[in-house]
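*Asks:* Spelled out from the first residue to the last, the chains are:
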Amino acid sequence: MNLSRLLHDYELARVGAVTRRHFLQKCTTGLGAMWLASLAQGATPKPGFARPAAEPLAPLPPQYPAKAKRVIYLHMAGAPSQLELFDYKPDLARLDGQDCPASFLAGKRFAFISGVPKMLGPQFPFHRAGKCGTWMSDRFPLLERHIDDLCVIKSMRTDEFNHAPAQLLLHTGSPRLGSPSLGSWVTYGLGTENQNLPGYIVLVSGGKTPDGGKGLWGSGFLPSVYQGVQCRAKGDPVLFLSNPEGVSRDERRRVLDAIGDIDREQFGQHHDPETVTRIAQYELAFRMQVSATDAMNLAREPAEIHARYGTKPGAESFANNCLLARRLAERGVRFIQLYHWGWDSHGNTLQTSLKDGFADLCREVDRPIAALLADLKDRGLLEDTLVVWGGEFGRTPMRENRGGQEMKFLGRDHHPGAFTVWLAGGGAKPGFSYGQTDDVGYDVVENPVEVRDLQATIVRLLGFDHHKLSLRFQGLDQKITGVKPTHVIREVMG
Amino acid sequence: MSMAGRARSAGNLPAFQGQHGQIARATMRRLVAILLLGLVPAANEIAAPAYDQLIAPILRARCVECHGEQKQKAKLALHTWEGLAQGSDGGPVMVAGQPGESVLLQRVRLPVADEDHMPPADRPQPTREEIELLARWIERGASPSVTVAELQLPEPLARVAAGLPAKLDAIVKAQGQADTLWDFKPEEVAKSRAPLAAKVTELQRRFPGALNYESWTSPALHFTAAAFGREFGDAELAALLPLRDELVVLDVSNTGISDAAAPTLAQFRQLRVLRAGFTRLGDATVAQLAGLRRLESLSLHGTAISPASLAVLGKLPALQALRVAGTAAEQPAQAANLPVAPSAADLVPPVERPNKTR
Numbered sequence: 001m002n003l004s005r006l007l008h009d010y011e012l013a014r015v016g017a018v019t020r021r022h023f024l025q026k027c028t029t030g031l032g033a034m035w036l037a038s039l040a041q042g043a044t045p046k047p048g049f050a051r052p053a054a055e056p057l058a059p060l061p062p063q064y065p066a067k068a069k070r071v072i073y074l075h076m077a078g079a080p081s082q083l084e085l086f087d088y089k090p091d092l093a094r095l096d097g098q099d100c101p102a103s104f105l106a107g108k109r110f111a112f113i114s115g116v117p118k119m120l121g122p123q124f125p126f127h128r129a130g131k132c133g134t135w136m137s138d139r140f141p142l143l144e145r146h147i148d149d150l151c152v153i154k155s156m157r158t159d160e161f162n163h164a165p166a167q168l169l170l171h172t173g174s175p176r177l178g179s180p181s182l183g184s185w186v187t188y189g190l191g192t193e194n195q196n197l198p199g200y201i202v203l204v205s206g207g208k209t210p211d212g213g214k215g216l217w218g219s220g221f222l223p224s225v226y227q228g229v230q231c232r233a234k235g236d237p238v239l240f241l242s243n244p245e246g247v248s249r250d251e252r253r254r255v256l257d258a259i260g261d262i263d264r265e266q267f268g269q270h271h272d273p274e275t276v277t278r279i280a281q282y283e284l285a286f287r288m289q290v291s292a293t294d295a296m297n298l299a300r301e302p303a304e305i306h307a308r309y310g311t312k313p314g315a316e317s318f319a320n321n322c323l324l325a326r327r328l329a330e331r332g333v334r335f336i337q338l339y340h341w342g343w344d345s346h347g348n349t350l351q352t353s354l355k356d357g358f359a360d361l362c363r364e365v366d367r368p369i370a371a372l373l374a375d376l377k378d379r380g381l382l383e384d385t386l387v388v389w390g391g392e393f394g395r396t397p398m399r400e401n402r403g404g405q406e407m408k409f410l411g412r413d414h415h416p417g418a419f420t421v422w423l424a425g426g427g428a429k430p431g432f433s434y435g436q437t438d439d440v441g442y443d444v445v446e447n448p449v450e451v452r453d454l455q456a457t458i459v460r461l462l463g464f465d466h467h468k469l470s471l472r473f474q475g476l477d478q479k480i481t482g483v484k485p486t487h488v489i490r491e492v493m494g
Numbered sequence: 495m496s497m498a499g500r501a502r503s504a505g506n507l508p509a510f511q512g513q514h515g516q517i518a519r520a521t522m523r524r525l526v527a528i529l530l531l532g533l534v535p536a537a538n539e540i541a542a543p544a545y546d547q548l549i550a551p552i553l554r555a556r557c558v559e560c561h562g563e564q565k566q567k568a569k570l571a572l573h574t575w576e577g578l579a580q581g582s583d584g585g586p587v588m589v590a591g592q593p594g595e596s597v598l599l600q601r602v603r604l605p606v607a608d609e610d611h612m613p614p615a616d617r618p619q620p621t622r623e624e625i626e627l628l629a630r631w632i633e634r635g636a637s638p639s640v641t642v643a644e645l646q647l648p649e650p651l652a653r654v655a656a657g658l659p660a661k662l663d664a665i666v667k668a669q670g671q672a673d674t675l676w677d678f679k680p681e682e683v684a685k686s687r688a689p690l691a692a693k694v695t696e697l698q699r700r701f702p703g704a705l706n707y708e709s710w711t712s713p714a715l716h717f718t719a720a721a722f723g724r725e726f727g728d729a730e731l732a733a734l735l736p737l738r739d740e741l742v743v744l745d746v747s748n749t750g751i752s753d754a755a756a757p758t759l760a761q762f763r764q765l766r767v768l769r770a771g772f773t774r775l776g777d778a779t780v781a782q783l784a785g786l787r788r789l790e791s792l793s794l795h796g797t798a799i800s801p802a803s804l805a806v807l808g809k810l811p812a813l814q815a816l817r818v819a820g821t822a823a824e825q826p827a828q829a830a831n832l833p834v835a836p837s838a839a840d841l842v843p844p845v846e847r848p849n850k851t852r
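Which chain is which? The protein sequence lines are A and B, in order. Under the working numbering, the first residue of the first sequence is numbered 1, with each subsequent residue one higher. Under the working numbering, the first residue of the second sequence is numbered 495, with each subsequent residue one higher.
If you are wondering where the hints come from, they were derived from the structure by calculation, not from laboratory data. Note that the structure is predicted; figures quoted are calculated from it, not measured. Check each hint, because a few of them may be wrong.
As the list claims (entries may be wrong) - Listed below are several chain B residues computed to face chain A (Cβ distance under 8 Å; list not exhaustive): (1) Asp-616; (2) Ala-704; (3) Asn-706; (4) Ala-720; (5) Ser-791; (6) Pro-844.
Unchecked claim - In silico negatives: residues of chain B with every beta carbon more than 12 Å from chain A: (7) Ala-541; (8) Gln-566; (9) Ser-639; (10) Lys-693; (11) Arg-788; (12) Leu-804.
As the list claims (entries may be wrong) - Within a straight-line C-alpha distance of at most 30 Å, the following computed DSS-like cross-link-like pairs (lysine-lysine) qualify: (13) A:Lys-67 to B:Lys-565; (14) B:Lys-667 to A:Lys-429; (15) B:Lys-565 to A:Lys-484; (16) A:Lys-429 to B:Lys-809; (17) B:Lys-685 to A:Lys-67; (18) A:Lys-67 to B:Lys-661; (19) A:Lys-67 to B:Lys-693.
For each residue, glycine too, the CB sits at the ideal point set by N, CA and C.
If we strip away everything but chain A, and leave its shape as in the complex, we get (with noise of 0.2 Å):
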């Protein structure tokens, strides 16, 4: 190795450090008190969220006692079409090919439908399914077979009609960047239950990463311990987990301690929480090379599990992350998201046709989902196992006419008003179905639910007042659901 490199490189690093310090010193009357002062006020834990300073991710107690203790979030990324799988609607079949009434489109943005579209009747047939009676199209045969423990909301609204802020408000609470998504503030509130694990953990199945980014699961103005990490399913869960060749694990233990040594000196004189996020993280890391390795292999299944599943050895597929989900779920991991991508069913495509591509999506995920619920069913997890299922908003009852023209394929834009997610299973109340729209599924009529009012309710299942769920930061009680009027869905806790 290039020693002389090497010391170039640290001499760098040391005279850009001490200008910024300098800085910082100098200025202790003006920016930098001013910095120093936010910083103190920002790390202020309330009561109820204070830990020992090395073990940000010790368990904590939720506010009130809970049935959920930990979430499976299976968001299909695209946003799925309510009116083809849970929002069943035969005015709108009967209206299928009719010019939308101007009522719909005044004062209306879409993302691409322009001029006068034709209204688009449900491309699937309905059937009530259960004992509960639920409607649902046939698309999801296997998942029907759950529809006794589903608590479907038809009546979700958001404000936001592209993919990203959508996304974005859905799992961190803002449209814009920046905020700490849902599965951060579950893991500041409520730690998780296996130290060798992270608390948070995001599965992504191939393809393409949501539009949101992985903001989505950052962990905005909390310490970025709590942001979500993202596993692969094919050779390290994650990236660089393993020790380099030719370095064994008690050489790295000491390399750790001796790194260490010093962010615990930093830590002493700067008090940066950042600091001890990077000792957590390098222990828990350390850890990780384990238990992560044996968590994410999935060849420790049975072939009776495999089959069930539908999985494909070695594929970054969704098959296999339920899969893992599962896994993660037995060993106590608090907050599991997993992405599907694909759902974004306009109809300029044969892939993003509701005949084609769409029905092929659903096919893809009916049986991990079913199996996965199953399989926490025979454990006994799916008790204390909130798993959700939806996309970031809904889609239009008129057929898409990108351009003004007539489609190649039958497709939906996106729409806000009104889209369809289910729980299950954590303390959500099964065989239930909460919320109505319109007689074509255009609007929310009776008992809307916005993106805060499942937020609120997801938190509260999880035992949280989503008031007290909060950290002070630029001089407000920051939240998952932000400063507008929310209520918590009391009707789907069971």
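Here the structure of chain A is known, so what remains is to put chain B in place on it, guided by the hints.
*Replies:* Same frame as chain A, but now just chain B:
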């Protein structure tokens, strides 16, 4: 529109219907109530002050969490009649004889979605009958001495009123256990946890992440061995014995415990949830679980238990969910009507060909 105006327009509750010309039916209802439910007000309840009997319990259940002894938001304290009469920092909340002019009722009768509605939308709401009782009491002068009889409640309302104190007491009690912990007093919590505190801390160090209190204020404990797998065995389980009176949830699934753990498990008599799937436990352990009389959920999936265990399991008085998937006891448990659900193997048949992937 002024707030009072809005409140009036929103506040016209539908009148209680059906009280005229139905004397025979009402008498019948009364008789049935006397015979079956004991809900008809006794003479001493009718003669009692309506404030003590009805109004204070309503306020206690619906308002004093934020406007009471502990907290006086807007300087309003509704836990005494004097506080109610005195009003808030915005002025009186009640005008004797005029329910429509009383801010208290105006705010309660606003649509729940209104920003000024009370109680806040995410808190439990008073029932229509409770609001009507408040209105009638204010209408009759809102004095602390006016009796229930003097309110001259019409029949359906009188019947509801008779059962109300008990119902509201139950609500207050339930809130005390769960939902009214806004004022979380660390020192009182510490006191209730004190006897075991040192032991809990010691075990939390020994088993990182595994042992936790049920809530900010509860002394009850949950333990999960999820992080430890087979390294957690009978000796480790025995180390939890000092927690036997506080442990309510125990998850030792996928651990190395065996039938030698049975005497330990048998002593955790407060358990509501016990998960021990994929362990070496068998019938010998189940035979010793008969004393877990609070057990609501038991998971023994993937263990060696046989149908012989069902005799014991069938007698657990609180059991609501039994998981025995993948054991020899699965089919017999279904046949014996034990609370088992269809297992994954039945719900999701294996795939015939690999899933289509992109």
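*Asks:* A separate judgement is required for each hint: does it hold in the structure or not?
*Replies:* Quick rundown of the hints versus the structure:
1. Asp-616: This hint holds: B:Asp-616 lies near chain A, its Cβ roughly 5 Å from the closest one there, short of 8 Å.
2. Ala-704: Result: holds, 7 Å to nearest chain A Cβ.
3. Asn-706: 5 Å, holds
4. Ala-720: It holds, given that the least Cβ distance between B:Ala-720 and chain A is near 3 Å, below 8 Å.
5. Ser-791: Because about 6 Å separates B:Ser-791 from the closest Cβ in chain A, which is inside the 8 Å limit, the hint holds.
6. Pro-844: 3 Å, holds
7. Ala-541: About 37 Å separates B:Ala-541 from the closest Cβ of chain A, which puts it past 12 Å; holds.
8. Gln-566: Holds, because the least Cβ-Cβ distance between B:Gln-566 and chain A comes to about 19 Å, which exceeds 12 Å.
9. Ser-639: 37 Å, holds
10. Lys-693: 17 Å, holds
11. Arg-788: With a cut-off of 12 Å, B:Arg-788 remains clear of chain A, as the shortest Cβ separation is near 15 Å.
12. Leu-804: Non-interface label stands for B:Leu-804: nearest chain A Cβ at 18 Å, farther than 12 Å.
13. A:Lys-67 to B:Lys-565: Holds - the C-alpha atoms of B:Lys-565 and A:Lys-67 are around 29 Å apart, at most 30 Å.
14. B:Lys-667 to A:Lys-429: Answer holds: B:Lys-667 to A:Lys-429 is near 23 Å, not above 30 Å.
15. B:Lys-565 to A:Lys-484: With Cα atoms ~24 Å apart, B:Lys-565 and A:Lys-484 stay inside 30 Å; holds.
16. A:Lys-429 to B:Lys-809: 27 Å, holds
17. B:Lys-685 to A:Lys-67: 26 Å, holds
18. A:Lys-67 to B:Lys-661: Measuring from Cα to Cα gives roughly 24 Å; hence the hint holds.
19. A:Lys-67 to B:Lys-693: Holds, because 26 Å separates the two Cα atoms, which is no more than 30 Å.
In summary, this structure violates none of the numbered hints.
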